[in-house]
Structure formats: C-alpha cells, structure tokens
Amino acid sequence: MNVLSIGLLYGGATIAVMFAGIPIAFALGTVAIIFMFFFMPHASLDTVTQNVYEEMASITLLSIPLFILKGAAIGRSRAGADLYSALHVWLYRIPGGLGIANVFACGLFAAMAGSSPATCSAIGSAGIPEMRKRGYSPGFAAGIIAAGGTLGILLPPSITMILYAVASEQSLGRLFLSGITPGLLLVSLFALYATLRYRTERRSAVRDFAAHGRTSSLLSEERYTLREKFAYAPRVLPFVLLLTGVMIALYGGYATPSETAGLGALLALFLIALIYFVWKPTDLQPILAATLRESTMLMMIIGMSLLYSYVMSYLHISQSAAETIVAAGFSRWVLLAMILVFVVVLGFFLPPVSIILMTAPIILPPLKAAGFDLIWFGIVMTIVMELGLIHPPVGLNIFVIRNIAPDIPLGEVIWGIMPFVGLMIFAVVLLCLVPQIATWLPDVIMGPR
Amino acid sequence: MLHQGDAALDIKASPVPQRPATPAIALMQRMLDGIHRIVVAAASLALVAAAVVLSESVLVRYFYRSSNDWQDETSVMLLVGAIFMSAAYVQSVRGHVAIEAVAELLSPATDWWRVLFADGVSLGFCLFFAWKAWTLTHEAWVDGQEMASTLASPLWIPYSLMAAGMSLLGLQIAVQILAAVFDRPAR
Numbered sequence: 001m002n003v004l005s006i007g008l009l010y011g012g013a014t015i016a017v018m019f020a021g022i023p024i025a026f027a028l029g030t031v032a033i034i035f036m037f038f039f040m041p042h043a044s045l046d047t048v049t050q051n052v053y054e055e056m057a058s059i060t061l062l063s064i065p066l067f068i069l070k071g072a073a074i075g076r077s078r079a080g081a082d083l084y085s086a087l088h089v090w091l092y093r094i095p096g097g098l099g100i101a102n103v104f105a106c107g108l109f110a111a112m113a114g115s116s117p118a119t120c121s122a123i124g125s126a127g128i129p130e131m132r133k134r135g136y137s138p139g140f141a142a143g144i145i146a147a148g149g150t151l152g153i154l155l156p157p158s159i160t161m162i163l164y165a166v167a168s169e170q171s172l173g174r175l176f177l178s179g180i181t182p183g184l185l186l187v188s189l190f191a192l193y194a195t196l197r198y199r200t201e202r203r204s205a206v207r208d209f210a211a212h213g214r215t216s217s218l219l220s221e222e223r224y225t226l227r228e229k230f231a232y233a234p235r236v237l238p239f240v241l242l243l244t245g246v247m248i249a250l251y252g253g254y255a256t257p258s259e260t261a262g263l264g265a266l267l268a269l270f271l272i273a274l275i276y277f278v279w280k281p282t283d284l285q286p287i288l289a290a291t292l293r294e295s296t297m298l299m300m301i302i303g304m305s306l307l308y309s310y311v312m313s314y315l316h317i318s319q320s321a322a323e324t325i326v327a328a329g330f331s332r333w334v335l336l337a338m339i340l341v342f343v344v345v346l347g348f349f350l351p352p353v354s355i356i357l358m359t360a361p362i363i364l365p366p367l368k369a370a371g372f373d374l375i376w377f378g379i380v381m382t383i384v385m386e387l388g389l390i391h392p393p394v395g396l397n398i399f400v401i402r403n404i405a406p407d408i409p410l411g412e413v414i415w416g417i418m419p420f421v422g423l424m425i426f427a428v429v430l431l432c433l434v435p436q437i438a439t440w441l442p443d444v445i446m447g448p449r
Numbered sequence: 450m451l452h453q454g455d456a457a458l459d460i461k462a463s464p465v466p467q468r469p470a471t472p473a474i475a476l477m478q479r480m481l482d483g484i485h486r487i488v489v490a491a492a493s494l495a496l497v498a499a500a501v502v503l504s505e506s507v508l509v510r511y512f513y514r515s516s517n518d519w520q521d522e523t524s525v526m527l528l529v530g531a532i533f534m535s536a537a538y539v540q541s542v543r544g545h546v547a548i549e550a551v552a553e554l555l556s557p558a559t560d561w562w563r564v565l566f567a568d569g570v571s572l573g574f575c576l577f578f579a580w581k582a583w584t585l586t587h588e589a590w591v592d593g594q595e596m597a598s599t600l601a602s603p604l605w606i607p608y609s610l611m612a613a614g615m616s617l618l619g620l621q622i623a624v625q626i627l628a629a630v631f632d633r634p635a636r
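If you read the sequences in order, they're chains A and B. Using the numbering used here, the first residue of the first sequence is number 1, and each one after it goes up by one. Using the numbering used here, the first residue of the second sequence is number 450, and each one after it goes up by one.
Don't take every hint at face value.
[Said to hold, decoys possible] Footprint (simulated), chain A over chain B, 3 or more residues, beta carbon under 8 angstroms:
hint	segment
1	475 to 486
2	565 to 576
[Said to hold, decoys possible] If the Cβ cut is set under 7 angstroms, some of the chain B residues that face chain A in the computed set are:
hint	residue
3	Pro-472
4	Val-507
5	Val-539
6	His-545
7	Val-546
8	Glu-588
Hints in this document: simulated from the structure, not taken from any laboratory. From the three backbone atoms N, C-alpha and C, an ideal C-beta is built for every residue, glycine too.
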C-alpha cells in the first residue's frame with residue numbers, strides 16, 4: 001500500500017471514529033494503535049505507553065495544569081466582577097464607556113486567567129446585565145462579551161500558544177510576547193466598535209424620544225465620586241500586580257514558563273484567600289476538582305495527539321502531505337489562505353489543542369518553505385482559532401453567553417457577534433499586511449532572530 | 450457539538466450521566482466514586498505541591514543563586530500522576546471531549562448503539578494502554594530504570610501511576626457500559 005492510500009485511510013479512520021462520538025483522546029489513540037498494528041513493526045506496539053509518557057513528561061507541557069489552576073482560582077472568585085466594576089467607574093464618561101470597560105475588563109481578565117470561556121463568564125455575568133440595564137441592545141452586549149472573551153487564548157499566558165510552541169518548536173517566550181500587540185490591536189478595534197455602535201444606538205434612542213416621547217436608559221446620566229472610583233482599587237490592584245509580576249518573572253529571566261505557571265497558581269490561590277477569604281478546603285475543592293477535570297481532559301488529548309502525530313510521521317504521511325502541498329506550487333498567500341480556511345473548518349469540530357497538534361506536522365513545513373515566520377503564523381492561527389470560539393456552529397463562547405443570559409434569543413446573540421467576527425478577520429488581514437504588528441515586540445525585548 | 454469542559458465554568462454540552470439503577474452496578478459505581486474522591490483529593494494535593502515546588506525553584510535560584518533540577522523532575526512526576534489518576538474521575542462525569550454532532554441526527558435507539566460502540570472502543574483502547582503500561586512498569590522495576598537526571602528517580606513510579614490510572618479508567622468505562630446495557634429503558 002502506498003503512502004497516499006495509507007494517508008487517506010488514516011484520515012478517513014480518524015474522521016469515522018471521531019464522529020462516532022468516541023472521546024477525542026481515545027479516538028486518536030485507537031487510530032494510532034490500529035495503524036501501528038497493521039503498518040508498523042509489531043515491536044512498536046510495546047513502546048506506545050513509553051512514547052506517550054515521554055511526550056507528556058515535558059515540563060513545558062505540564063505547565064498547562066498550573067496555568068489552568070491559576071485561571072480557575074481567579075475565575076471562581078469575584079475578581080472578574082470587581083475588575084469590571086472598577087473599570088466601569090473610571091470609563092463611564094467616555095461615549096460607550098460601559099462597553100469599552102467590558103472590553104478592557106475582558107482583556108485584563110483574559111491575561112490573568114488565560115481562558116476564553118472563563119473570561120466570558122466572569123466578566124459577562126456582571127457586564128451583560130449592567131449593559132442591558134443601561135439600554136445597550138442585548139445582541140450588542142452579548143457580542144462584546146463573547147468577542148472580548150476570545151482574547152484569552154491570544155494574550156499570554158495562553159495554553160493554545162504553549163501547544164503551538166511545542167508543536168512548531170518555537171520559543172514560547174517569543175510567542176507569548178508576539179501575542180501582546182495583536183491582542184491590544186483587537187482590544188482597540190473592539191473598543192472602537194463599541195463606541196461607534198453605542199453612538200448609533202444612542203442617536204436612535206434620542207430620535208425615538210423626540211418622536212414618541214419614549215425614554216431609554218441610554219439617555220440617562222450617571223456620576224461617580226472620586227471615593228467611589230478608588231473603592232475598588234484594593235480588590236483589583238493585587239491581581240493586576242500578579243499579572244505584571246508574573247510577566248516580569250518570565251521576561252526578566254527569573255523564571256521559566258513552567259515556574260511562572262507554578263508561581264502564578266500559588267499567588268492566585270494566596271490572593272483569593274486574602275481578598276475573598278476563599279481558603280477553606282471546602283472552598284478550594286471545587287477549584288481544584290474543576291482544574292483536574294479540564295487539565296486531565298486536555299492533557300489526555302495532548303498525549304494521544306502526540307502519539308497520533310508520531311504514527312503519522314513514522315508512516316511518512318505528514319511528510320508526504322507536506323511535500324505534496326509544496327510541490328503544488330501555490331503562491332504563498334493562496335497557500336496561507338487555504339491553510340487558514342482549513343483551520344476554520346476544523347475549528348467547527350475540534351478544540352484548538354487537537355487542531356494544532358494534528359495539523360502542525362502537515363501545515364508548518366510548507367509555510368516555512370514559503371518563507372512565513374512561524375512565530376507570526378502562530379499568532380494568525382490563534383486569532384483564526386479564536387473565531388471558532390464565537391462562530392457558529394460550535395462557538396463555545398456562545399454557549400457561555402446562553403448560560404449567563406438565557407433570555408437573549410440565539411439569533412440576536414449571533415447577530416451581535418458577527419461585527420466582531422468581521423473585526424477579527426480585519427485584524428488577520430492587517431497582520432498579513434504588516435507582520436511587524438506581531439514580531440516587533442519580541443524583537444525589541446529578546447532581540448531579532 | 451463538542452463536550453467541552455472548562456475549569457472556571459463547568460460548561461458541559463452533555464448532562465452529567467445518571468446514576469445506575471441496577472443495584473449491583475450502582476454498588477460498583479458507588480465504590481468507584483469512593484475511589485475517585487480519594488484520588489481527586491490526592492491529585493489536588495499533587496497539583497498544589499507541584500506549584501509549591503516550582504515556586505521554590507524560583508526563590509532558591511533568586512536568593513541563593515543555586516540551580517537544582519530536582520524541582521522539574523518532581524513536578525513532572527506529580528503532574529503526570531495527577532493527570533493519569535484523575536482520568537477515571539473525569540470519565541465518570543463524561544468530561545472527556547467528544548464530537549457529538551452525529552448524536553443529534555440519530556433516533557434514541559440508534560444513538561444508544563452509537564454510545565455503546567463509542568464506550569466499547571474506548572474501553573478496548575484503555576485496556577490495551579493499561580496492559581502496556583503495566584508491562585512497562587514491570588520492565589522499569591526489574592531493570593532498575595531511572596530518569597536521566599541528577600536525582601535519577603526510579604521510572605517505575607510515574608509508569609505505575611500511568612498504569613493504575615488507565616486501569617481505573619478502563620474499570621470506570623466498563624461500569625458505564627454495564628449500566629447502559631442493564632439500565633436500558635424497555636422499548
């Protein structure tokens with residue numbers, strides 16, 4: 001049997017077992033073992049567990065559970081709501097300030113917690129009711145939170161980027177830094193849109209008032225005293241310091257990424273104990289159990305994805321697929337567009353973890369051959385995968401919004417999100433035109449490559 | 450379409466599975482739940498211990514200018530152990546992500562067969578993996594294999610945690626299959 005036939009069979013078998021509803025980790029492991037049995041020396045079956053262990057026993061990969069612990073500790077406390085309230089009282093005078101406060105709160109919280117759905121839930125549960133109370137349309141409010149939540153996998157520390165760094169053999173520190181400016185670009189685009197949309201909705205409310213005398217909460221004025229503005233500082237500042245401290249530890253050369261994860265997790269647990277009195281075993285148990293659930297689920301997928309990729313490489317499937325793509329002679333931008341569309345389609349069914357580990361051996365060599373910087377591509381790919389978080393048919397963040405605000409019709413949520421999808425596509429185009437948006441910061445801090 | 454879990458949220462597309470109705474299977478599940486509680490407590494401690502060990506590494510390096518490599522190795526063992534040992538607990542709440550797109554298209558009776566097939570394949574995989582992991586543990590024990598580091602911890606420790614975790618996972622899936630077969634509603 002030639003490589004093409006084996007490759008097609010491998011892909012077909014993977015699709016069949018995955019769509020049968022077998023958990024992704026076990027499905028990948030099963031396909032890998034079956035192909036090892038039929039197409040590889042039988043002795044390779046004896047090394048299955050050793051392979052998985054050796055791939056997983058990487059301290060960089062094993063920092064993921066600790067980053068998740070940090071996110072869970074912050075996400076389950078009132079830190080998100082407090083952060084949002086603090087930003088709101090400072091930004092309320094800007095047109096659309098409430099929307100902007102929500103976007104900023106999402107960005108900051110995402111950087112602290114590192115999880116998109118957690119950001120959506122923590123900021124959205126306070127932000128969506130508040131925005132609706134102030135007259136924002138439900139779809140607009142939902143869109144801001146769903147899109148703001150996606151910043152969780154772009155701003156460091158991002159689990160998606162840890163995996164990309166491992167799969168592409170790129171520097172994790174450089175990758176983390178590369179995500180910051182595009183993350184800030186998205187925050188700015190979202191905030192700008194929030195201002196423009198607020199103005200449109202307010203103008204419409206003014207017209208409605210003039211024509212029919214119907215008043216809207218959008219027309220009401222609010223004031224906060226300086227005392228109120230500083231009231232939230234003691235609760236929010238420690239978390240912002242944690243965020244900056246962790247970044248200084250990482251980029252100041254004091255700690256490796258895994259040590260940063262451990263330190264961040266421990267400090268987050270310390271802060272929620274100090275500020276929110278979450279310290280009893282009964283308080284901590286749900287945080288730790290939830291961390292174990294997500295970490296185990298993710299790490300099992302990672303371990304089996306790596307076994308799956310190993311088999312794909314041993315059977316020369318990934319190399320042949322990569323060579324075929326290179327030999328097809330696509331122009332570099334067509335190649336990039338095709339790969340990004342492929343990633344978007346995969347995102348309909350698979351979590352980013354599996355997409356990265358399963359596709360990296362196939363898509364990265366042609367991109368490298370076409371002259372693309374793999375750090376830059378990691379950022380573009382991450383934004384494209386972010387789209388999958390808010391885009392139907394899966395859109396994990398849409399489920400979160402439905403949990404927080406079940407009375408907002410699904411159609412309205414989706415329409416509210418669509419402008420943000422457009423902004424994210426615009427950001428991808430901008431990154432393609434000006435790659436330095438992603439690469440300048442690591443070049444300045446860590447030196448050019 | 451995805452079963453997706455999230456630490457901060459407990460989002461789940463699928464509901465937590467119902468407890469078995471058949472007394473013998475319910476007893477097995479209760480026993481497993483007891484084991485899961487102990488394992489989750491131990492794995493939680495391992496998680497926090499790994500965070501402490503890695504933080505200690507930063508502080509020792511900063512204050513005493515000394516570099517050790519036992520911290521990485523210890524953390525790896527703690528985390529690998531926590532992850533594999535918790536796999537069965539995660540399965541007990543159906544927390545392993547799966548594509549559920551087809552389920553929406555099938556009748557309940559056909560979907561019952563699909564779930565049984567999915568669990569059967571998962572069980573086969575876990576049993577195979579557990580068998581190979583026990584073999585690996587035995588080899589590491591007999592040959593006195595050690596990690597390639599200055600601490601040189603015995604490799605049978607992480608291997609045995611991997612083997613025990615996958616065995617427990619297999620047992621959990623087997624009980625879920627039994628529950629599905631014996632508790633199947635009469636048509």
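Results for each hint:
1. 475 to 486: Check failed, 0 qualifying residues.
2. 565 to 576: Check passed, 7 qualifying residues.
3. Pro-472: 28 angstroms, violated
4. Val-507: 5 angstroms, holds
5. Val-539: Because about 5 angstroms separates Val-539 of chain B from the closest Cβ in chain A, which is inside the 7 angstroms limit, the hint holds.
6. His-545: 4 angstroms, holds
7. Val-546: 5 angstroms, holds
8. Glu-588: 9 angstroms, violated
Violation of the numbered hints given earlier is confined to hints 1, 3 and 8; the remaining hints are satisfied by the structure.
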